[in-house]
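Those protein sequences? They're chains P and L, same order as listed. Numbered per my numbering, the first sequence spans residues 1 to 948. Numbered per my numbering, the second sequence spans residues 1 to 300.
I should point out that these hints are in silico values taken from the structure, not numbers from a laboratory. Since we're looking at a predicted model, the values are computed, not measured. Cβ atoms here follow ideal geometry from the backbone N, Cα and C, with glycine treated the same way. Errors might be hidden in some of the hints.
Covered stretches of chain L (in silico footprint by chain P; criterion: 3 or more residues with CB under 8 angstroms from a CB of chain P, positions within the stretch not fixed) [to be verified]: (1) 39 to 49; (2) 115 to 126; (3) 147 to 156; (4) 165 to 171; (5) 190 to 198; (6) 283 to 295.
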Amino acid sequence: MNQASSSELKVTRFRVNGQAREAVTAPSTRLSQVLRDELGLTGTKVGCDAGDCGACTVLLNGVQVCSCLVALGQCAGAEVTTVEGLAQTGANELSALQRSFVQHGAAQCGICTPGMLMAAADLLRRHRTPTREQVLDAIGGVLCRCTGYLKIVEAILALGQERVPVQPDCDDGAPVGRRMPRRDAVSKVSGTELFGADHAPEDALWIRVIRSPHPSCQFEFGDLDRFLKHAGLHGVLTARDIPNNRFAIFPDLRDQPALADGQARFAGEAVLALVGGLTELQNLDLSQVPIRFSPLAAVNTLDQATAPGAPAVHQRWPDNILCRGRLLRGEPDRVIASAPLSVSARFETAYIEHAYIEPEAGWAQWVGPPGQERLTVFACTQTPYMDRDELAWMFGLDGSRVRIIPSAVGGGFGGKLDMSIQPLLAAGAIKFGRPMRIVYGRAESMQSTTKRHPARMRATLAADDTGRMLAYDFSGDFNTGAYASWGPTVANRVPIHACGPYRVGNVRALTRAIFTNDAIAGAFRGFGVPQSTLLNETLVDQLAQRLGEDPLEFRYRNALRAGDSTATGQQLSASVGLQACLEALRPAWREARKRVESFNGKAHEPMGDQVVEDLADPHRRHRTAKRRGVGIACMWYGIGNTVIANPSSMSVGLRRDGRFMLYNGAVDIGQGTYTIMPQIVAQALGVPVDLIDQITADTDLTLDAGKSSASRQTFVSGNAARGAGEDLRAKLLAFLGMPHTAQICTEGSALFGHDRGETRRVELAALPADANGDVALGLGYFDPPTVPLDADGQGVPYATYGFAAQFAEVEVDIDFGTVRVLQVHAAHDVGRAINPTQVEGQIHGGIAQGLGLALMEHYQGGRTDNLHDYLIPTAGDMPLVQVHLIEDPEPLGPYGAKGVGEPALVATAPAILNAIHAATGVRIDLVPVTPDRLLAALDAQWAASQAP
Amino acid sequence: MPAVRSDSGWMQPVELDQALMLLHQTPATVLAGGTDLFPSIAGAALPGPVLDLSQLQALRELSVLPAPGPSGQGTVQEYLRIGAALTWTDLLHADLPQGLEALRLAAREIGAGQIQNRATLGGNLCNASPAADSVPVLLALEAKVELRRQGGCRTLELADFILGNRRTALASGELMTAVLIPLPLAGSRSLFLKLGHRRYLVISAVSLAISACFDAQRRLSRCAVAVGACSAVAQRMRRLEQHLTGLAESDLQAMLRAPINDDWLGPINPIDDVRGSAQFRRAAAGRLILRGLAELVGQS
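Next comes chain P alone, as it looks inside the complex:
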């Protein structure tokens, strides 16, 4: 290692984006690092440093390569093209490919975008009118976790077609409902967006974290000073450097140290942070770090944690039970006992990794006159305001002395809600008085940050003999890992949603969040609801089967509708679009069922249980072992926090130049808040959206808009944005002395009011302005109205719910247990689509994650801490997707809108599992349904059919 770094720093000459460049560094250095660190071309992203994700794809002599797998010296004399080189002539003009990405909404978080663009550029050099298959081959090596790839494929295909099949953005229409390109699309496709690893103060020192190799252990340090001197490092950070060394999502549960204090509770927990120069830290011999670990008995898995006498992960919770959730309505026991029909099942789910392509990264500094220093943290986060408050608490600072500037966030999905790097950066900046930066590697990102809770659940669903659902009895244990994180949220959200979006009068739902020494489980798109929906929709499907009823019609009959009460006793007065979703699916569903029947009939005998069993014969089906099936699932999801207040505030000002400035604190993690908030505020003001500028989330500059979580931003912050726009409009009309029916607009620095032929004009340039430069300011605030839940879980936990139904058509290869999802139809009641392109993008991405949950994703600490053993869907795994947007307006929502971020994912996995059953007759009660599991089930089914 030392040899490489100290090997003569020779000059390598090559061409980058058409210009002769030289790099003075070891020729064995990765090209990706040279491009970013030596040449400042940070448009090339690093997601894994192992060729597994493709984020660093560039062109080397015109063909795509992973720049993390190319040595600088191999580029001598070669031509390298990066995303910065795609723009045509002069830096300001985007290439046709980049423009197509912008128009089609092909970028969400944008971290994979440069790699996608380069892979596509390679293709388009070889094929001017590529086929879909060629596009997939070209981008198959670039992972995307946000988009589900479909809009990327469309954007590339569109370039080769005469007519671009993109739905036009009519910019003469009202701002709400427009298919407006993202506000930040241009910076994402041009590579100028600054993610956590893309920027830091010049003189920043680096932090490298040493982690526990054991799931449970005590540890001691040896002579750290001697080690530092020998390794040429600047210093260390330990638990002692953090005054209040514990944090959590819930202040009363603060249990997680930023650096473990003598005891580590999971493999991958930070125990020591080393501070120094990048080269010294990269070349470190880890075996020389003076630290001695003494392993302790660990509890892994739910069984071990709940076994009698199990060691306590935390002394505070001697039985390892963090919390319980409970809901009781009616008399489920009595009703189930006397019901003519009931079905029961169990279900298990695995740890799921968020697998955002951007590992955590950022920097911090501690600057100011002695005694008045302020802490600034620039990092990827979904929740800047909570980071500010939690860091202030940990370091004993007044909140006013902490500033959080979110970087562009390269994917979150709940994984960037908990703090990770922030307290380490803060501790280093405060201790050493120097800016600190950190960039997590892929493995440590996966080991140390949160996951989706593995669940083990059982339930019974009962119905009368006409197929009316009567009762649901559910219990589920959720492995919350080593620290509390969002365990309580999962335990509380699941009981409310457990019985599904159906009329069920009698419900019991019990949950437990249980500590183990496994990876921390936290927030992940759906907070436990995707897990409980897998079980619920399995049972609903079984009941339909028992009744011999069409699975869609059975759901339709039992679906919640406006006026119904939920299991918490909440009466839903409006915006219950589930039946409309099912109606939208019905024609395609019937067609798909016919098509599948015909497919299966051609290859084999007509469908029917008898024949399915016969086809499961592992030994007589070698040539035509493909079976198809369609399956459906419904979902509902409460928008915003469960009961707990989650207000958002927004403000919008009018500047002297006649432009509006939106102060938008709703962090955009790819879901589009930096685009739809301007749309909403423009609608509220009654002005064109192009007049709206914005300052994006920064705790010094924007008001608290809460977290980008719980599908809340469109509904909650959107309402605040609408309120701010309406407030400013009212103030301006008052200033103009005009009635509320008047229209306002600006032209240059003049403000106009028009009302029934009357026009008034005010010159803004001469007006006094506040410190921000605003001559008038509108404020908006919204906190969804809820009613606390009682001991039986009765109350109004959410102000509104999103609803959806999806069906999947799959093809199962019975020889190998492999499943290919051919198509998905997704109908979502979003209340109102503020920006339909973005709503579709959310749904596509949710389907991709649902497909991963169903078929391939299984995080196993120590075994799958990379993106080649932890598999997420590639472009080639995506089905065709048809989105049906249902707009049953929510009276409380901004222009009727509700959230869609999490609802997008929930129905996909159960629809796929039900489709697998339809295809094969086999029900699998755990995910992921990997080929070995499905094949074992198919073979067991065959063996059972052969038993005498």
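Fit chain L to the supplied structure of chain P, relying on the hints for placement.
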């Protein structure tokens, strides 16, 4: 002669002789496509000294050669000589002789475009992963590898080159320079099938290569079957091959309707890992073989 670009940490010869001399003088990390080497290290730079093969044109040539020696029939068997540093993309676009289709099929399945553009055939062999997709293909095609050192050259059967999980017979100072594949007899076909858990960027759970030849009487006159990812090193299924050789097409079709005889899968010894259980791999390997044979029968 162009100068050797080298320093203590980085050597980039342009002639093979230079490379062999450097390798003789300095034990070095040999860098070809880098697609296995870089992921195997943490940190920014490869541990030095590094010998980079990217400028060695000699390792990127594809040619048809007479055999090193006379073959049994007294005629000279021809070989396809593939330079060890040819990439999968090179092979995908190469005009390969009939019977070597498996090589192209494997090239399409390795990683994805970026990997195929860099990863080399020789690198895949020297890395000696149990799941390496080239190994069953080259075993079924009865390939040899050419190993050179300063002042010496030897050829080894591929099966004698890969000794175990990431272990090879490559000696210190030695460089793999080429892969030699005997040109298949007229009428030969080959195929490669890969079972992975997703499309693109996926490591094989089971891989299969078959090379076969039907004679004028529609009998299987020659058949080689190799299975990858089910043992430390991919294996030829010799007993199965013996059973298959000489079968008439109709007998073969009949055979495909029955389960595969587990004894024929003797050489495989799969393990449980994140890509599947041992039981799954064994079952899937048998079925993949049947599917592969069915495909060959369908083609012929």
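For each hint, the structure was consulted:
no.: 1; hint: 39 to 49; verdict: holds (count 9)
no.: 2; hint: 115 to 126; verdict: holds (count 3)
no.: 3; hint: 147 to 156; verdict: violated (count 0)
no.: 4; hint: 165 to 171; verdict: violated (count 0)
no.: 5; hint: 190 to 198; verdict: holds (count 3)
no.: 6; hint: 283 to 295; verdict: holds (count 7)
The structure fails to meet hints 3 and 4 from the earlier list, while all remaining hints are met.
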